[in-house]
Amino acid sequence: MKNGVRLLSVFILALSLLNISCREEEFESIGPVPEQSLQADSNVANLLFRTSLKDGSEDNILDQASCFSIALPVTVIANSTEITIEKEEDLDEIELIFEESDEDTDTLEIVFPVTIVYSDYTEVGVASAEELEDLAETCPEEDEDIECVDIIYPINISIFNPSTELFDTITLENDEMLNDFIEGLDEDDIVNVEFPILLVLTDDTELEATNLEELENFIEDVIDDCDEDDDNDFDDDNCNDCTVEQLQAAFAECPDFGVNKFSLNGENLKSQYDDLAFDFQEDGSVTATSNTENFSGTWSATGSGNDIIMVIDIVDLDDFNLEWTVNRILETPGRTKITLHEGDGNILRFQDACNNGNGN
22 MKNGVRLLSV
32 FILALSLLNI
42 SCREEEFESI
52 GPVPEQSLQA
62 DSNVANLLFR
72 TSLKDGSEDN
82 ILDQASCFSI
92 ALPVTVIANS
102 TEITIEKEED
112 LDEIELIFEE
122 SDEDTDTLEI
132 VFPVTIVYSD
142 YTEVGVASAE
152 ELEDLAETCP
162 EEDEDIECVD
172 IIYPINISIF
182 NPSTELFDTI
192 TLENDEMLND
202 FIEGLDEDDI
212 VNVEFPILLV
222 LTDDTELEAT
232 NLEELENFIE
242 DVIDDCDEDD
252 DNDFDDDNCN
262 DCTVEQLQAA
272 FAECPDFGVN
282 KFSLNGENLK
292 SQYDDLAFDF
302 QEDGSVTATS
312 NTENFSGTWS
322 ATGSGNDIIM
332 VIDIVDLDDF
342 NLEWTVNRIL
352 ETPGRTKITL
362 HEGDGNILRF
372 QDACNNGNGN
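Per our numbering: the sequence shown ends with 381, consecutive numbering throughout.
It should be emphasised that the hints constitute simulated quantities derived from the structure, not laboratory data. Worth double-checking, as some hints may not be accurate.
[Said to hold, decoys possible] Listed below are the simulated SDA-like cross-link pairs for lysine to any residue, each with C-alpha atoms no more than 20 Å apart in a straight line:
hint, residue 1, residue 2
1, 291, 343
2, 282, 127
3, 358, 344
4, 75, 220
5, 108, 76
6, 75, 162
7, 75, 195
8, 108, 98
9, 291, 356
10, 291, 269
11, 358, 298
12, 358, 300
13, 358, 346
14, 75, 111
15, 108, 126
16, 282, 343
17, 282, 239
18, 108, 351
19, 358, 302
Please build the complete structure, drawing on both the sequences and the hints.
What follows is the structure, encoded as structure tokens:
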């Protein structure tokens with residue numbers, strides 16, 4: 022009987038040792054961090070974190086600050102006109118109101134209270150214009166967000182769960198979710214990233230990263246490839262989606278464009294050219310005619326987005342003959358406006374006269 026008990030004890034002990042051995046092998050199989058494991062505080066994790074930060078520069082016309090944005094909807098009064106901004110695209114309405122006249126002083130009043138959202142998605146209530154201005158003054162000159170590339174969601178990430186000793190898969194649907202995830206990473210976390218991951222650049226080029234090294238290299242290579250527009254010149258980036266073809270089509274719709282605004286070297290030249298009708302042809306020729314004069318020359322445009330350069334060369338109209346940057350192509354029912362910028366403050370705007378009979 023004693024021998025039987027001893028044998029049973031030995032058998033149980035052997036099973037226990039075998040079980041421990043198996044458990045050790047299980048943990049060892051997790052062993053070294055997998056090649057695609059995302060490590061806290063690694064360079065690629067930092068790049069992803071910066072890419073996921075909320076860009077606060079889109080609404081600088083409202084808050085004059087790039088480190089936060091005002092949560093929408095928000096009601097504002099622009100030059101005595103009350104409008105409600107419900108989405109980012111509605112911000113253009115403010116600029117259109119400001120552009121209606123060059124003679125008035127543009128004013129913008131925000132109806133408080135509002136909520137501001139920082140780059141890390143923290144929200145803060147603001148009760149007055151003075152409080153908003155004070156917060157804007159705390160923004161650093163350079164923010165750390167990466168705006169030249171975006172992640173195409175969703176992306177899947179697996180994280181080891183020590184309770185179940187299995188990997189749990191989570192799906193990240195947007196920048197805020199990715200930001201929160203990376204912010205909460207610990208150095209002991211074992212995190213696998215599911216590839217491929219798609220990235221999109223500001224010119225709509227898509228990149229496919231098949232591993233962490235490619236992902237890191239792609240982001241690093243384009244960090245400085247775009248204007249992040251973190252200044253408060255809200256009127257310098259209205260052509261993100263503009264194309265040369267769009268510009269050509271706008272001119273082709275009407276053979277009669279007038280000078281709607283012309284500021285050159287600090288002088289207002291609009292009145293000098295009020296009577297000229299410009300016809301920009303698809304073949305690159307251009308004519309400018311009035312009741313008494315006729316001018317002819319050439320025009321061309323190259324580039325894309327905010328980098329479209331329009332070159333005008335008209336004999337005896339030297340004021341126009343510059344390399345202009347296309348700032349806006351505004352097409353609304355009954356009105357087309359094409360705004361050009363050059364250098365420090367030179368502005369030329371054409372408006373079609375085909376629909377309203379007056380390009381001025």
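Report the numbers of all earlier hints that the structure fails to satisfy, in ascending order.
10, 15, 17
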